[in-house]
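Protein chains: 2
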Amino acid sequence: MKVHNFNAGPSVLPNEVLYKASKALIDFDGTGMSILEIGHRTEQFTAVMEEARSLARELMQLEDDYEVLFLHGGATTQFMQVPMNLLESGETAAYVDTGVWSNKAIKEAKQFGYVDVIASSKETNYNHIPKQFTVPQQAKYLHITTNNTIYGTQWQTIPETDVPLIADMSSDILSRQMDFNRFALIYAGVQKNMGAAGATMVAVRKSMLGKVTRKIPSILDYRLHIENGSMLNTPPVFAVYISMLTLRWLKGQGGVAAIEKINAKKAALLYDEIDHNPLFRGNVAKEDRSRMNVTFTIDKPELEEEFLKFCKKEDIVGIKGHRLSGGFRASLYNALPLESVEAMVEAMKLFSLKKA
Amino acid sequence: MKVHNFNAGPSVLPNEVLYKASKALIDFDGTGMSILEIGHRTEQFTAVMEEARSLARELMQLEDDYEVLFLHGGATTQFMQVPMNLLESGETAAYVDTGVWSNKAIKEAKQFGYVDVIASSKETNYNHIPKQFTVPQQAKYLHITTNNTIYGTQWQTIPETDVPLIADMSSDILSRQMDFNRFALIYAGVQKNMGAAGATMVAVRKSMLGKVTRKIPSILDYRLHIENGSMLNTPPVFAVYISMLTLRWLKGQGGVAAIEKINAKKAALLYDEIDHNPLFRGNVAKEDRSRMNVTFTIDKPELEEEFLKFCKKEDIVGIKGHRLSGGFRASLYNALPLESVEAMVEAMKLFSLKKA
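Chains as they are written, first to last, in the UniProt record's numbering: chain A, 1 to 356; chain B, 1 to 356.
Since the hints were made in silico from the structure, they are not lab data. We treat Cβ as the ideally placed atom computed from N, Cα and C, and that holds for glycine. Treat each hint with caution, since some may be false.
[What the hints assert, rightly or not] Going by beta-carbon spacing under 7 Å, a handful of chain A positions derived as facing chain B:
| id | residue |
| --- | --- |
| 1 | T76 |
| 2 | P159 |
| 3 | P236 |
[As the list claims (entries may be wrong)] Covered by chain A, according to a simulated footprint, are these stretches of chain B (three or more residues, beta-carbon under 8 Å):
| id | segment |
| --- | --- |
| 4 | 22-30 |
| 5 | 102-113 |
| 6 | 208-221 |
| 7 | 312-320 |
[As the list claims (entries may be wrong)] Calculated from the model, a selection of chain B residues having no Cβ within reach of chain A, i.e. all distances over 12 Å:
| id | residue |
| --- | --- |
| 8 | E37 |
| 9 | R57 |
| 10 | D64 |
| 11 | Q137 |
| 12 | R176 |
| 13 | G189 |
| 14 | R248 |
| 15 | G255 |
| 16 | E260 |
| 17 | G327 |
| 18 | E342 |
| 19 | S352 |
| 20 | A356 |
Bound-form chain A, shown alone (with noise of 0.2 Å):
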């Protein structure tokens, strides 16, 4: 029996990836050596590579000038390699700060060039998104963070630029339809609706590289990444076969519009609850609210560890908030079945009902 799994990354995966992946770690595709033994310049690894990031192009429907890699370190590498590679040093990144990461991004842009923040909403404890804004013309890009796994907010509408666009995807990314297209540069830490932790994708249009005159360390250049299809060196083997076993699930699922659909059927059904429970109440602003990481806090803070442990007692894990912002935190990404919202509603109701 499996627990429902609110963790807000790494966090749930579809049982099928989990239950392949198990076996490939004993025997990988009848070589009689495990995924973890093989080696990474093999016809079966780069088979893996290859499937991963053309489901990935798929399925965000990517046009050919992007190039989708995976590589290794985390969002918080890409926070320093975007702007080593499209900032020149003296030039303008315009960033939106919506939260923790948002921050870490401007802080390592800033090594690089000047980075104009021209919104935030640090004020309220980024509570919303900012709606006003306006984009400096000579901005080399701007930088926004689609959606906020700490407070719980989400950008419902894409910006609209002429600047390019770019976007730290971690945690919403393939979770529902957008264009793509309309961005320059895309990075997501996998954990979260991409496979498991040790992997980042960036998907990005070679027109934008090679106009800095910086020299970049080879292992942060994406031009060589991409003349070495995604493995200038050993590429981290797990995480990427993760990634595409995800990536395959998703596209078993009916792709992005099919999960987008169960993913708003899901974050309705915690929200509603939230809305109509009278014990508890949500964090931010309801045109923002994320359909990834639902926080909420509950009336009374004195029930906060025992409604926690309820909740545990039901199989419910992962729910405890963010220090930054308190209360709980549900996350819903991808693999969360809808019955794991079923169950933490029923939750919601039943300790309601018990301290009515």
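Fit chain B to the known structure of chain A by using the hints.
Then chain B, alone, in the frame of chain A:
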């Protein structure tokens, strides 16, 4: 049944590591969740990370001044991260060039300071380890590659020098006894003797850090990783878990002293056959032969393909030599059982008889 896996890396792992990991992919430590689904800041995973760090420290018998980190990125990331953290602009670092990997390290270091290549065996296609060289007094450090996977050479004696010593030990770490405390910094992609692709171990004397003035991106700053207990960002969870299991296995074998004896026996067995079988010959200077990667050729090049096919029938895989070195390469990492070397030697004998 498993094959005899002589892959150069990613490479063979102990069966007990694979079985344990395969189970943890379904249910880790009774959590009802996969090792891929648990938060990296949970008690359970923090324990994994701490055990991996402390086993590495114990097995290398490191003094208190060292910190052990498990990072993203592979040794290729360390090629630039080492000079970025240790070499001030304008200062000199000394490197010994013993092959492709040394060369890559040299290339990346040049972006950060002056690189003095004090010795090289390039002119003889890296068939030996240079013995005569002088380390400039003013060098900030001396960098060596302790084992050269492609060419099959290995430093049998660690050079005596007053300059801080830095080593890429990716392909021979923990395979033999040495005074690891003689190194100011050791790095190793873990996918040969310490686990599976996706993590890199760094052991560094803290007193080496904080001396350069350049700004270092957060994710590349060793000090920040140390401050954060090797969890500055989401670590490569599964790769660290595999490393922990592999280190546990090594400790169970009796540690480095015990595995060295087995490694010596495996290498002696294979080199002895190479030296006595008239059909084969070794590639490199006898005194510099690697115990990890045994490179050799067949005297009649027209038989090369046939020998590979013959081995494949005997379930011997991964022995095709690197294109830069040609012929064959049998990698004898810690987890390769003696029986696999015996099978290889038997195959060489049989093939030789058939062709006599």
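Evaluate the condition: distance from the CB of B/R57 to the nearest CB of chain A exceeds 12 Å. holds (23 Å)
In terms of Cβ atoms, is chain A entirely out of 12 Å range of B/E342? Holds, because the least Cβ-Cβ distance between B/E342 and chain A comes to about 18 Å, which exceeds 12 Å.
With a C-beta cutoff of 8 Å, work out whether three or more residues of the segment 22-30 of chain B approach chain A closely enough for the coverage to hold. holds (count 4)
At least three residues with a C-beta closer than 8 Å to a C-beta of chain A: is that true for the segment 312-320 of chain B? Coverage by chain A holds here, the residue count being 3 at a Cβ distance below 8 Å.
Interface-negative label, B/R248 against chain A, beta-carbon threshold 12 Å: Given that every Cβ of chain A is farther than 12 Å from that of B/R248, nearest at about 16 Å, it holds.
Could you let me know if the closest chain A CB is still more than 12 Å away from the CB of B/Q137? At about 28 Å from chain A, B/Q137 clears the 12 Å cut-off, so the statement holds.
Status of the A/T76 interface restraint (C-beta, 7 Å, chain B): Hint holds; A/T76 Cβ to chain B Cβ min 4 Å, cut 7 Å.
Counting residues of the segment 102-113 of chain B that have a beta-carbon nearer than 8 Å to any beta-carbon of chain A, does the count reach 3? Contact hint for the segment 102-113 of chain B vs chain A: holds, 4 residues under 8 Å.
Does B/G255 sit more than 12 Å from chain A, CB to CB? Check passes; 23 Å lies beyond 12 Å.
Quick check on A/P236 please, does its C-beta sit within 7 Å of some C-beta on chain B? holds (4 Å)
When you look at the beta carbon of B/A356, is every beta carbon of chain A farther off than 12 Å? holds (31 Å)
Minimum C-beta separation from B/E260 to chain A exceeding 12 Å: can you confirm that? holds (22 Å)
The structure shown violates the earlier hints numbered 2, 8, 13.
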